[in-house]
Amino acid sequence: MKRRNFLGLAGAATATALAGKAQAAGGHSFDGYPNSYGVLFDASRCIGCRQCEMGCNKINSENVTEPWTTLPKKDPKAFDEKGLNATARTDASMYTLVNKYEPQALGGKTPVFKKAQCMHCKEPACASACFVKAFTKTPEGAVTYNGSVCVGCRYCMVACPWDVPTYEFNKLIPYVQKCHMCHPHIKSGKTTMPACVKACPMEALTWGKREDLIKEAWARISSVPGRYLPHVYGEREMGGTNWMYISNVPFAQIGLREDLGKTPAPEMTSGALGLVPLVACLWPVLLGGIWQITKWKDERAEEDKQKAVAEAIAQERAKAGK
Amino acid sequence: MSQHDHGAQPVILPPQEAWGVIKSLLNPVTYLKFAKEHPILSLIFLVGVVVTVNRFLIGGLAGTTNLDDNNPWGIWISFDLLCGVALAAGGYTTTAGALIFNIKGLRTAVKPAILTAFLGYAFVVYALLYDVGQPWRLPYPVFWSQGTSSVLFEVGLCVMLYVTVLMIEWLPNFTDWVGMQKISHVIHKCTIALTIMGIVLSTMHQSSLGMLYLIAPHKMHPLWYSAHLPLQFFVSSMVAGMSMVIFEGTISHHYMHSRMSPEYNRDHDGVLFAFAKACSIILFGYFFMKWVPIAGENKWGYIFDGKYGLMWLIEMFGFIAIPCFLYAVGYRSRSTGTIKAAATISVLGIVFNRFNVSWFGFNIHLRPEQQYFPSVQEVIVSVFVVTLIILCFRFISKYMAIFSDHPSYSKGHH
Ligand code: SF4
Ligand code: SF4
Ligand code: SF4
Chain A
5 MKRRNFLGLA GAATATALAG KAQAAGGHSF DGYPNSYGVL FDASRCIGCR QCEMGCNKIN
65 SENVTEPWTT LPKKDPKAFD EKGLNATART DASMYTLVNK YEPQALGGKT PVFKKAQCMH
125 CKEPACASAC FVKAFTKTPE GAVTYNGSVC VGCRYCMVAC PWDVPTYEFN KLIPYVQKCH
185 MCHPHIKSGK TTMPACVKAC PMEALTWGKR EDLIKEAWAR ISSVPGRYLP HVYGEREMGG
245 TNWMYISNVP FAQIGLREDL GKTPAPEMTS GALGLVPLVA CLWPVLLGGI WQITKWKDER
305 AEEDKQKAVA EAIAQERAKA GK
Chain B
20 MSQHDHGAQP VILPPQEAWG VIKSLLNPVT YLKFAKEHPI LSLIFLVGVV VTVNRFLIGG
80 LAGTTNLDDN NPWGIWISFD LLCGVALAAG GYTTTAGALI FNIKGLRTAV KPAILTAFLG
140 YAFVVYALLY DVGQPWRLPY PVFWSQGTSS VLFEVGLCVM LYVTVLMIEW LPNFTDWVGM
200 QKISHVIHKC TIALTIMGIV LSTMHQSSLG MLYLIAPHKM HPLWYSAHLP LQFFVSSMVA
260 GMSMVIFEGT ISHHYMHSRM SPEYNRDHDG VLFAFAKACS IILFGYFFMK WVPIAGENKW
320 GYIFDGKYGL MWLIEMFGFI AIPCFLYAVG YRSRSTGTIK AAATISVLGI VFNRFNVSWF
380 GFNIHLRPEQ QYFPSVQEVI VSVFVVTLII LCFRFISKYM AIFSDHPSYS KGHH
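Order-wise, the sequence lines are chains A and B.
Quick note on numbering: the first sequence equals residues 5 to 326 in the numbering used here.
Quick note on numbering: the second sequence equals residues 20 to 433 in the numbering used here.
Hints are computed from structural coordinates only; laboratory data are not their basis.
Careful: at least some of the hints might be erroneous.
In silico PhoX-like pairs for lysine-lysine, Cα to Cα no more than 20 Å straight-line [to be verified]:
1) A:K194 to A:K62
2) A:K266 to B:K123
3) A:K299 to B:K238
4) A:K77 to A:K175
Stretches of chain A that chain B covers, calculated by requiring three or more beta carbons in the stretch to come under 8 Å of a beta carbon on chain B [stated by the list, open to error]:
5) 51-61
6) 92-99
Glycine residues also receive a C-beta, built at the ideal position from the N, C-alpha and C atoms.
Modelling step: build the complete structure from the supplied sequences, incorporating the hints.
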C-alpha cells in the first residue's frame, strides 16, 4: 500500500457509523462530519509536473456521470508546461490547476507550486448561497454540484471566498463547474481516491480522513523544525475545509488568501436572514394599526367638522328665529 | 408651463374603442407608423433585438458580456437589478404615504407610482432572463428546489410576490379602460391589504438586496461592506423611490400634460413638497447611519486612503448630504426647481451607491487587468430595457386614466 492513502483506510469502518450522527446534529452549530475525507497538499513536495491535472482530466472526461460533470478531453501536451503562471486560474474546462510562484520568501527566484481546486469547505459558502440547493456537503467530505436544478444565477461564484466555481459562459445551456473530489467516481468504484492524488508522483497530495490529515500535517510541521510554517491552511479558514495545505513559504505568496478569517460563510447571512420573519410578522400588524388610527382620526375630524357646522347652522337659525 | 394652467379633463376612450387600440397592437402597420415618428427609439429597439438574439441563440453569455469566472455579476445585476429595484421603490413609498399614513395631496401620485413600480419590477425580471444562464429555470427556486438558506431565495420569492401584488394594484387602470368595472371594484376593496403586503414585501427584498453581499466580506471594500448593508439598502430605497416619483413626475408633467386632469395638475406641487420633506429627513438619518459602521468597526483610516476613500466621500457628501440640504431648502422656500435638482442628484446617488457596492468596490482583491468593465452589448441591453419601460409607460398613460380619475368614477362619491 502506498503511503498516500494509509490514513484513509484506518478507521474506515467507523466512518459510516458516525456519519449519521453528524447529519442529525445539523442546524446552526454544525461542526462538520467527523469522519469525512479530505486531501492534504504539501507545497514543499510539489514539483509542478501537473500529473494531477492530467489525472483529473482523464477520469472526468472518460467517465460520463452527469452531463454537467463531464470535462472535455485534453491532449496530454496541454499539460507540458511546468506549472502555469501565477495569474492563471481554473475555467469551466478543468477542475484543478497548478500555479507556479516565485515567492519573496525564497529570494524571488526559486519556484514553488500550488495546486488549486475546490476547498470542500465544511460549511460551504456556495451551498449556503445557492437558491436551488444545487450543492451538497456530503458526509464523505466532498461538496458536490447538481446541475439539474441550477438556474445559472452565479451567486455561488460571488459567495465562494476562493473564487472556485466556474461557469460555461460560452455555452447556450451552461452549467457551473467545480471539483467534486471525485465523489461520483469513488462511489461508483471507479477509483478509491481522487484521481489527482493517485496521479501525483511526489506524494505531495495525501488522501485521508480530515482529522487524521490534520494530525499528519502537524506531525510533518514539527518533524523538521523550520521547514514548514506552523500553520495548516484550511484547518480553520472559513470554518475549516476538507482540502488543506501546508507550505514552506507564506500562504499569501502562493496565492492563498490569509485574510479570510475563521467565520463560516453561512454565519455571515444567517443572522440577517433570521430577522426576515420578524419583519414579515411585525410590519403588517404595525401598518394595519397605523392605518386604523389615521382612519379613525380622519373620521373624528370629519365628525367634529360636521358637528361644528351643524351647531353653527343651529345658532344661525336660532338667531334668525329671534 | 404655467402653474395656474390646470387644463381640461383628458379624453379617455370609451371601452369599445379601447379594444380597437388593443387590436391595433397586433397589426404591424401600427409599429411601422411608430417607427417613422420615433426613429431613435426604434433604432434602440432594433439593436436591442439583435443583441437579444445573440444572447439567447448565438453567442450566449460569452458572446454578449464581459463576464468571466472572476466576475460572475456585471451591470445587469448592478444596474438592472439593484438600481432597478431601488428606483422602483416609489410604488411602496407612495402607497404607504397616501393610503396608510393618509397624507393629504398624495392621492394623485398613487396611480403613476404604481404604474412605474409595476413596469420597473416586470422589467427587472425580464432583464434577469438575460443574466441567468438557464432563464427557463427561473421559477425553480420557488416551485421546484427551495434553497431557503440563500438570501437570493428570499429576494426571488419577494420579488415574485411583489410583481404579482403590483400587477393586481395596477389592473384597475386596465379593467376600467376596457369597461370591466366589476373587476376594478373587487380590487379596490382589497386596496389596504394589497398596500400592506406591498410594503412588507418591499421592506424584505429591498433590504435583502443589500444582504446578498454579506456573504462576501473578503471581496468587498471595507467602506461599503457592513453588517448594516440590509438596513442601508432599505432606507436608501425610500429616498430612491420618492426621488424617482418627483423626477418622473416632472418629466410626465412636461410630456403628458394633456393627459392630466385639473386635480392632478393642481396637486403636483403638493406631492413634491411632501416628498421633499420626507426625503430630506430620511437622507439626514441615512447620512449618519452610514457613519455608524465606520465608527463602530474603526474604519476611519480607509476614508482618506486613495481612490476608494475619495469615492466614499463623494457618495457621502455629494450624493447624500447635498441632496439632503437641497431638499430641505427647496421645501422651506417652496422652490420646485431646487427640489427637482435634489431629486435628480438623489437618483444618481443611489446608482452610484449600488455601483460602489456591487461593482467599483467589489472584487477589489483582483488585479486591475482582471477587473470587470461592461461590454457594449451589455450596455445596449440595459438601455434597451429602459427604453421598453418608457414605451410601455407612454402607451399606458396615453390611453388609460393614469393622471386622472376614470370617467366611470365621476358619478360615484370618489
Ligand atoms: S471552496 Fe468555494 S466552491 Fe468549494 S466548497 Fe468552498 S465555497 Fe464551495
Ligand atoms: S449558479 Fe446554479 S449552482 Fe450557482 S447559486 Fe445559482 S443556481 Fe445555484
Ligand atoms: S501535486 Fe503532484 S502531480 Fe500535481 S503538480 Fe504537484 S507534484 Fe505534480
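Right, here's what the structure says about each hint:
no.	hint	in the structure
1	A:K194 to A:K62	holds, 12 Å
2	A:K266 to B:K123	violated, 53 Å
3	A:K299 to B:K238	violated, 48 Å
4	A:K77 to A:K175	holds, 17 Å
5	51-61	violated (count 0)
6	92-99	holds (count 4)
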